[in-house]
Amino acid sequence: KNEVEQSPQNLTAQEGEFITINCSYSVGISALHWLQQHPGGGIVSLFMLSSGKKKHGRLIATINIQEKHSSLHITASHPRDSAVYICAVNTGNQFYFGTGTSLTVIP
Amino acid sequence: DAGITQSPRHKVTETGTPVTLRCHQTENHRYMYWYRQDPGHGLRLIHYSYGVKDTDKGEVSDGYSVSRSKTEDFLLTLESATSSQTSVYFCAIRSGTGNQETQYFGPGTRLLVL
Numbered sequence: 001k002n003e004v005e006q007s008p009q010n011l012t013a014q015e016g017e018f019i020t021i022n023c024s025y026s027v028g029i030s031a032l033h034w035l036q037q038h039p040g041g042g043i044v045s046l047f048m049l050s051s052g053k054k055k056h057g058r059l060i061a062t063i064n065i066q067e068k069h070s071s072l073h074i075t076a077s078h079p080r081d082s083a084v085y086i087c088a089v090n091t092g093n094q095f096y097f098g099t100g101t102s103l104t105v106i107p
Numbered sequence: 001d002a003g004i005t006q007s008p009r010h011k012v013t014e015t016g017t018p019v020t021l022r023c024h025q026t027e028n029h030r031y032m033y034w035y036r037q038d039p040g041h042g043l044r045l046i047h048y049s050y051g052v053k054d055t056d057k058g059e060v061s062d063g064y065s066v067s068r069s070k071t072e073d074f075l076l077t078l079e080s081a082t083s084s085q086t087s088v089y090f091c092a093i094r095s096g097t098g099n100q101e102t103q104y105f106g107p108g109t110r111l112l113v114l
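Going line by line, the protein sequences match chains A and E.
Those letters in the first sequence? Residues 1 to 107, by our numbering.
Those letters in the second sequence? Residues 1 to 114, by our numbering.
Next up, chain E with everything else stripped away, as it sits in the complex (with noise of 0.2 Å):
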């Protein structure tokens, strides 16, 4: 599992909340992915770090920031939570180079916004 943790792994809130998501990484990798996974799609990028306080959008990025003050921590915030934000978000990192690159998972977070 690479070191990954998820914080919290279950989660409902309410719209117009906000919701900060945690990911831990123990391997000092450099590069940390956040991404959602929604029924009928593949998993969509929505921000990602390649380093200490260097991060940049992915393609659903719209209503989340994000920020990485230490190698360690990659944080994900919903500033005013939406219904449409209900999804599984997971958290990756990328290890190894060229086409020996790969990402592992965190074990995802489950957001519920009622």
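Looking at chain A on its own, in the form it has when it is part of the complex (with noise of 0.2 Å):
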């Protein structure tokens, strides 16, 4: 049993489309991230979220405390949006991690 789970696992869009990735957790959080990793690259962290939501460019986060969900929006997709996002939840003792949702962004 995983205490994140993300959907989709993957996802193609097209340039300028708006992108919804989901994550559902099961555990009581104190904060949840969302991360972006690129090929071959690092991990980033993009935001930290509480409750509401937080925006950054083109980028959106919303979290729902209640129903243990958070998504994260792009708007205006753009292929160098191409990466993996990570959904990330800290229990106050430890972080899990979501398996990734892969986004390629076609020109």
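Wrong hints could be hidden among the right ones.
Claimed, not checked - Here are some chain E residues the structure puts well away from chain A; computed CB gaps all over 12 Å:
#1 THR13
#2 GLU14
#3 THR17
#4 HIS24
#5 HIS29
#6 ARG30
#7 SER69
#8 LYS70
#9 ASP73
#10 SER83
#11 LEU112
#12 VAL113
Unchecked claim - Beta-carbon label-pair distances, calculated as ranges:
#13 A:PRO79 x E:GLY96: 30 to 36 Å
#14 A:PRO39 x E:THR86: 43 to 49 Å
#15 E:THR86 x A:VAL44: 36 to 42 Å
#16 E:GLU59 x A:LEU46: 22 to 28 Å
#17 A:ASN10 x E:LEU112: 21 to 27 Å
#18 A:GLU67 x E:SER80: 42 to 48 Å
#19 E:GLU59 x A:SER51: 25 to 31 Å
#20 E:SER80 x A:ARG80: 38 to 44 Å
Claimed, not checked - Here chain E is said to cover these stretches of chain A; the calculated rule only asks that three of the stretch's residues, wherever they fall, bring their Cβ under 8 Å from a Cβ of chain E:
#21 20-33
#22 42-49
#23 52-61
#24 98-104
Since the hints were made in silico from the structure, they are not lab data.
Even glycine gets a Cβ: it sits at the ideal position worked out from N, Cα and C.
Fit the two chains together into the complex; they arrive one by one in their own frames, and the hints show the way.
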């Protein structure tokens, strides 16, 4: 059983499309993180959320604590957004990570 | 990148040989972590450290040992490497507290055990 589930596992989009990646978790958390990993690259933090919504450029992250669900949205997607997006939750004791969503944006 | 480096970045070794991976940080963070990343799995915690000489096991610690003799360095050792330990290894540090806590990751080490 995974504490963090992401969907979809793989996603292909045309440049300019609106993209949504979903994350559900089954444990109590102090915060949820969205991470980005480019092919062959390191892992960088995009957002940290404990409630509500955050926006950074074309990226928007939301969280519903009651439903234990978070979404990452990308508006006006671009080929440089192609990466693996990882949802992670902090329970206060440790981090649990989803398996990632592999996004490919086609020009 | 919170001043985290990993060495080596790539390693090919043979089954049964010992391997040591190094994580180095420059910002005096107390907590350091070793994860492995494999297809079909999320990042999985191998070991972590909460101070010099203070370490504890994660969920996939079998076959691995760690040491932390100074704040800036956290070493991961595979005493006798096996093919199942072929993976990408990430070191991370913890920054912040409470619901502001986050982790910053090193660039990763790709290990192939033949």
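Right, here's what the structure says about each hint:
Consistency note on THR13 (chain E): stated as away from chain A, and its beta-carbon is indeed over 12 Å from all of that chain's, at 20 Å minimum. Residue-level check passed: GLU14 (chain E) sits 24 Å from the nearest beta carbon of chain A, beyond 12 Å. Distance check for THR17 (chain E) against chain A: the nearest CB is about 25 Å away, which clears 12 Å, and the non-interface claim stands. Non-interface status of HIS24 (chain E) relative to chain A is upheld: no Cβ of that chain comes within 12 Å, the nearest being about 15 Å off.
At the 12 Å boundary, the C-beta of HIS29 (chain E) stays outside the reach of chain A, the nearest C-beta of that chain being 15 Å off. For ARG30 (chain E), the requirement that its beta carbon stay farther than 12 Å from each beta carbon of chain A is met, with the minimum near 15 Å. Taking the minimum C-beta to C-beta distance to chain A, about 24 Å, the non-interface status of SER69 (chain E) holds against the 12 Å cut. For LYS70 (chain E), the non-interface assignment is confirmed: its Cβ lies about 24 Å from the closest Cβ of chain A, beyond the 12 Å cut-off.
Residue-level check passed: ASP73 (chain E) sits 19 Å from the nearest beta carbon of chain A, beyond 12 Å. A cut-off of 12 Å between C-beta atoms confirms that SER83 (chain E) is not in contact with chain A; the least separation is 22 Å. Every CB of chain A is more than 12 Å from the CB of LEU112 (chain E) (nearest about 14 Å), matching its label as outside the interface. The beta carbon of VAL113 (chain E) sits about 19 Å from the closest Cβ of chain A, which is more than 12 Å, so the claim that it is off the interface holds.
At about 33 Å, the beta-carbon gap between PRO79 (chain A) and GLY96 (chain E) stays in the expected band of 30 to 36 Å. One distance hint, 43 to 49 Å for the beta-carbon pair PRO39 (chain A) and THR86 (chain E), is violated here, with the actual separation near 18 Å. The supplied range of 36 to 42 Å is broken by THR86 (chain E) and VAL44 (chain A), whose beta-carbon atoms lie about 24 Å from each other. At roughly 25 Å, the beta-carbon separation of GLU59 (chain E) and LEU46 (chain A) lies within the given 22 to 28 Å, and the hint holds.
Checked against the hint of 21 to 27 Å, the C-beta distance between ASN10 (chain A) and LEU112 (chain E) comes to roughly 25 Å, which is consistent with it. As the Cβ distance of GLU67 (chain A) to SER80 (chain E) is approximately 46 Å, the hint placing it in 42 to 48 Å holds. Checked against the given bound of 25 to 31 Å, the beta carbons of GLU59 (chain E) and SER51 (chain A), roughly 28 Å apart, stay inside it. Distance hint check for SER80 (chain E) and ARG80 (chain A): the Cβ-Cβ separation is about 42 Å, which falls inside the suggested range of 38 to 44 Å.
Beta-carbon proximity to chain E at under 8 Å applies to 3 residues in the stretch 20-33 of chain A; the threshold of 3 is reached and the given coverage holds. Counting residues of the stretch 42-49 of chain A whose C-beta lies closer than 8 Å to any C-beta of chain E gives 5; at least three are required, and the coverage claim holds. Proximity of the stretch 52-61 of chain A to chain E, defined as three or more residues with a beta carbon under 8 Å from a beta carbon of that chain, is not established by the 0 residues found. For the stretch 98-104 of chain A, the stated coverage by chain E holds: 3 residues have a C-beta nearer than 8 Å to a C-beta of that chain, and at least 3 were required.
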